[in-house]
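A.B. asks: Protein chains in written order, with the numbering used here: chain A, 837 to 949; chain B, 12 to 123.
Honestly, the hints are just simulated from the structure, not real lab data. Some hints could be false.
In silico lysine to any residue, SDA-like type, Cα no more than 25 Å apart, as pairs [claimed, not checked]: (1) B/Lys16 - A/Ser843; (2) B/Lys82 - B/Ala52; (3) B/Lys79 - A/Asp942; (4) B/Lys16 - A/His846; (5) B/Lys48 - A/Met876; (6) B/Lys48 - A/Lys904; (7) B/Lys65 - A/Ala924; (8) B/Lys48 - A/Ser902; (9) A/Lys860 - B/Tyr50; (10) B/Lys16 - A/Lys860; (11) A/Lys904 - B/Lys16; (12) A/Lys860 - B/Leu58; (13) B/Lys79 - A/Glu880.
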Amino acid sequence: DAGVIQSPRHEVTEMGQEVTLRCKPISGHNSLFWYRQTMMRGLELLIYFNNNVPIDDSGMPEDRFSAKMPNASFSTLKIQPSEPRDSAVYFCASTDGSREAQHFGDGTRLSIL
Amino acid sequence: DQQVKQNSPSLSVQEGRISILNCDYTNSMFDYFLWYKKYPAEGPTFLISISSIKDKNEDGRFTVFLNKSAKHLSLHIVPSQPGDSAVYFCAASVGAGNMLTFGGGTRLMVKP
Numbered sequence: 837d838a839g840v841i842q843s844p845r846h847e848v849t850e851m852g853q854e855v856t857l858r859c860k861p862i863s864g865h866n867s868l869f870w871y872r873q874t875m876m877r878g879l880e881l882l883i884y885f886n887n888n889v890p891i892d893d894s895g896m897p898e899d900r901f902s903a904k905m906p907n908a909s910f911s912t913l914k915i916q917p918s919e920p921r922d923s924a925v926y927f928c929a930s931t932d933g934s935r936e937a938q939h940f941g942d943g944t945r946l947s948i949l
Numbered sequence: 012d013q014q015v016k017q018n019s020p021s022l023s024v025q026e027g028r029i030s031i032l033n034c035d036y037t038n039s040m041f042d043y044f045l046w047y048k049k050y051p052a053e054g055p056t057f058l059i060s061i062s063s064i065k066d067k068n069e070d071g072r073f074t075v076f077l078n079k080s081a082k083h084l085s086l087h088i089v090p091s092q093p094g095d096s097a098v099y100f101c102a103a104s105v106g107a108g109n110m111l112t113f114g115g116g117t118r119l120m121v122k123p
């Protein structure tokens, strides 16, 4: 059974460019989470969706960040315009909302030059 | 303000011995606790969890202990194996399946 799939695995771009990160959750999971990992702040939640609806986006750092979940099998995290301080590893995770733990993708390593 | 803390950034143990990783939390609303293991260039992998109605949960070599009055949990790995070398994250949530708050991680090194 396929796990959570994230793309791209690595992204290097210049500041000011738009960046789009993609996530495909595990089939049947109805909750999806975006996390960011940095040396300074560790693993922190950015936003989470339940049944495709954003429930809590209080972790989204600024208006430059936006996330969408147009259907149950796809979500995007967009940064526009990107800045060097956005460099981090971005993880997507999903769960079926029961007692099952969240399953994580392998992350997207983002470098903004 | 860090609601979940792992005060030891690293831990080194000998193969076959016990590894004990610790975690403290401050939010009394947390009632579901998890441990994740992370290898480089991979996402965190779920290891074991415990609900606040229990004080111990065991799965093979892994046991998690919860002390609610002290707001403290620990992960015991017995016996430790070199393949256990990874970064271990403690996480907590209000209700199972909800958003997780993570600790900063502890890097475990198991020496052969």
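A.B. asks: All the hints need checking, so say for each whether the structure fits it.
C.D. replies: Going through the hints against the structure:
Straight-line distance between C-alpha atoms of B/Lys16 and A/Ser843 comes to about 30 Å, which puts the hinted pair past the 25 Å bound. Straight-line distance between C-alpha atoms of B/Lys82 and B/Ala52 comes to about 31 Å, which puts the hinted pair past the 25 Å bound. A threshold of 25 Å between alpha carbons decides the hint, and for B/Lys79 with A/Asp942 the separation of about 32 Å lies outside it, so the pair is violated. With a C-alpha separation of about 29 Å, the suggested pair B/Lys16 and A/His846 falls outside the 25 Å cut-off, and the hint is violated.
The straight-line distance between the Cα atoms of B/Lys48 and A/Met876 is roughly 19 Å, inside the 25 Å bound, and the hint therefore holds. Pair hint B/Lys48 plus A/Lys904 does not hold up; C-alpha atoms about 28 Å apart against a cutoff of 25 Å. Our distance criterion of 25 Å between C-alpha atoms is broken by B/Lys65 and A/Ala924, whose separation comes to about 36 Å. Distance check on the hinted pair: B/Lys48 and A/Ser902 sit about 29 Å apart at the alpha-carbon level, beyond 25 Å; violated.
Between A/Lys860 and B/Tyr50 the alpha-carbon distance is near 21 Å, which keeps this suggested pair within the 25 Å criterion. The hinted pair formed by B/Lys16 and A/Lys860 fails the criterion: a straight-line CA distance of about 30 Å is larger than 25 Å. The straight-line distance between the Cα atoms of A/Lys904 and B/Lys16 is roughly 31 Å, outside the 25 Å bound, and the hint therefore fails. For the hint linking A/Lys860 to B/Leu58, the alpha-carbon distance of about 22 Å falls within 25 Å, and the restraint holds.
Of the pairs offered as hints, the one joining B/Lys79 and A/Glu880 holds, with about 24 Å between alpha carbons and a cut-off of 25 Å not exceeded.
Of the hints listed earlier, those the structure fails to meet are numbers 1, 2, 3, 4, 6, 7, 8, 10, 11, in rising order.
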